[in-house]
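Take the sequences, apply the hints, and build the full model.
When you read off a place in the sequence shown, starting at 1, and then add 148, the result is the number in the numbering used here.
Possibly wrong hints are sitting among the right ones.
Cut-off 20 Å, straight-line C-alpha distance, at most; resulting in silico cross-link-like pairs (PhoX-like, lysine-lysine) [stated by the list, open to error]:
#1 Lys390 / Lys366
#2 Lys451 / Lys400
#3 Lys535 / Lys496
#4 Lys412 / Lys378
#5 Lys201 / Lys223
Keep in mind that the hints were calculated from the coordinates and are not lab data.
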Amino acid sequence: MIIFNTDDCIKCEACEGICPSNAIKVQPNNIIHCDTCGDSPKCAEICPNDALKVDFLTLEEGGAQQARLIFNGLKCDQCGKCVETCPQNTITLTNNPKIPLEGFCVMCQQCVEICPLDYVGIEGIKDPNHRELNIEGPIYIENCVGCGTCIEECPVQAISLNELGEPIEINSEICIKCGVCSQTCPWNAVFISEKIPTKRTKEITEFKLNESSCIGCKTCVEICPGDFIKFNTNNLTITLPKMCAACGLCEKMCSVNAISLNVKLHDATPCTEEGVVCDAEKCDHIGACAMKCPTQAIHVVTKTGMSVPEQIKSDEDPLFKSCIRCGACASSCPNNALTLDTEFEINKNGTLIKRPRIQYNPSKCDQCGDCVNSCPYNMLKTTDNPKLPIAGFCTLCGQCIETCPEKALSYK
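Have a look at this one:
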């Protein structure tokens, strides 16, 4: 059985692209694949025509046998029973008369061979690699390949790159801890607020080589972090992969512009768009939400020039500002007084969804101020209240949503 390390997977989709039977589907948070149902494939059991059969393959001398599926298209009448019974939902019918069915594992092991970081293995034969990380602080960078993919995606231009191939630098004074860079990074080299990112999905719309321009210098072969590009000694050119991490180093480093790579990145999910979100068009800047918030995680300047919840006059224009639970405070707290709960569930229209929230233990807080300094939205502050010595963090209690008269606040 093929096994995946989904926690460390960079979601480059190379395994999906090389699978000859389309039995692998890479998703932002998971990898769905045919696992042969623990050596007893249900699709083969239910097939009335023996179009799907189980075979056993011995991969090494004295080793355990591995189940694999064999498909005979001549016997398949596309009844769909295998599709209905597949617990992983990988098997589908096709419009190809030669291969009317796909989504079953034949144990070709091409996914194991192509994974650039060896995160794909075989049960009992080869364990997937696991990355050991000690992520610390609001901004953490490790093993950056210097492709620069994240630079244009940063909404506040906080990222710089001195030279291709060198690690990026993130200006902590500008960074708003939105997490877009970590979601975008093709090689999982950037971590914001100690969180494991949900990777952005992407589509390679063009990846071509102009053989007449290629001079066979092998620069792209040597610079590719995943060894995806192969050199052809016969014609002194290269072979590009069907799917890869799409970091673009090969294209950027090619001295003769022989490689063309176009990538369509799907939307990122910055933490400003999850949890309690304010609809700016509905907000009337009344300030009831800020007055109701038990941790002072909302700041409003009303149309009459009153700063709430402080109840002092302000020269600022009407505004709404809140803690977005980016986690920068929790990652910088030396005493774990502030922590990020990533498994907290909120009820949205009858459906439970997980959203991160900030938890606070006043007994561990010494008011050192590290959290205040690290907050990119200037929401945190120290207080004279012994029960709440730090204020300004959001616990997703939802009281602001209930109290808003304009229904401008909601869970997303």
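Taking the hints in turn, this is what the structure says about them:
1. Using a Cα cut-off of 20 Å, the hinted pair Lys390 and Lys366 holds, with the two alpha carbons roughly 18 Å apart.
2. A threshold of 20 Å between alpha carbons decides the hint, and for Lys451 with Lys400 the separation of about 51 Å lies outside it, so the pair is violated.
3. Note on Lys535 and Lys496: the hinted pairing is violated, with a Cα-Cα distance of about 31 Å set against a maximum of 20 Å.
4. For the hint linking Lys412 to Lys378, the alpha-carbon distance of about 24 Å lies beyond 20 Å, and the restraint is violated.
5. Proposed proximity of Lys201 and Lys223 is supported: the alpha carbons are some 11 Å apart, at most 20 Å.
In the structure shown, a violation is registered for the earlier hints numbered 2, 3 and 4, in ascending order.
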